[in-house]
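Take 18 as the starting number for the sequence shown in my numbering and just add one per residue.
Some hints could be false.
Stated by the list, open to error - With a cut-off of at most 30 Å between alpha-carbon atoms, the simulated DSSO-like pairs for lysine-lysine come out as follows:
#1 K73 <-> K21
#2 K22 <-> K78
#3 K72 <-> K236
#4 K137 <-> K21
#5 K236 <-> K42
#6 K137 <-> K42
#7 K21 <-> K72
#8 K236 <-> K73
#9 K73 <-> K22
#10 K72 <-> K22
Just so you know, these hints were derived from the structure itself, not from any lab.
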Amino acid sequence: MNSKKGLVAGLLAVMGWGSAGLFIKLLPTISPLWIAAGRSGVAALAIAVLIIILKKSEAFKNALRLRPIWELGLYVSAYYLFAVMAYQYASVAEAALLLSSSPLFVFGINLLQKKVPSRKEKVAVSLAVLGTLLIFLPKLLEPSQKEETHFQGLIYALLSSALIAVFSIRMNRLGSEKHDIFAINFIGFFFLTLPLGFGWIDESASNEIAQLGTYDALKFLLALGVWSTAIASIFYSIASIKLTPVIITSLRFLTPIIAAILASLILGENVPWTVWPSGCLILGGLALLTLKKPLFH
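Given these sequences and hints, build the entire structure.
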């Protein structure tokens, strides 16, 4: 039963994250730091409301005394900052595809811990790595200022993916009795909100921040902060407790599919041709790597 609940929670999380790129692209083109901070401010408020409604205040206060809670919160902060940068600089489809590559980093961490991979795992990782390289290839062959920024977006997506892999492993190893998902996410969002306070001091920064307060921007920011951030993070944290790291990260295979469909239908974004062969290689390799065990355990 716990595994089934974890699966449902994981699916809801990737649906929320799948729509994140859409909302980010619909926001004003300003520094990703301010978008990440605004997104986190909304998410932190949503988490605080949930803590009050669910009467989790005492557990929340106790959790703040634990060092692992702050560590995991920092992972959340860094993940969301890099994810916003990835979506801003790269296409939604490419960013989402690389953000789903967390199982590669889970595999790499296991390898560093001297866990000998099977032949099947070696083939799976080779396919996924080849697909990742295929996404980067056009950017390396066609250097330009635009391509350089695009390239950076892809790097940020990989960094974000690595962080969520570490987060999943740490969450799973700690066990549900040693952490509080509301405290972890609130801390993560709170850290990212702090730059807003300093941003108002600088005139150019304050002008950018003010753009988030317009009606059109605010509605997308609320959707991004509540649905694609606070709710998605809570569901992902629940899933990370009830499912193994490899299985929970494998559910993220759906994220690029959802993201690409939304970007195409609503934004009219042209999906780069490299996404199709790269997606087949990456998702095929990750499926081979992660779905070797029964989904429920």
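Each hint, compared with the structure:
no.	hint	in the structure
1	K73 <-> K21	holds, 24 Å
2	K22 <-> K78	holds, 26 Å
3	K72 <-> K236	holds, 28 Å
4	K137 <-> K21	holds, 27 Å
5	K236 <-> K42	holds, 13 Å
6	K137 <-> K42	violated, 38 Å
7	K21 <-> K72	holds, 25 Å
8	K236 <-> K73	holds, 28 Å
9	K73 <-> K22	holds, 20 Å
10	K72 <-> K22	holds, 22 Å
Going through the hint list in order, the structure does not satisfy hint 6, though it satisfies all others.
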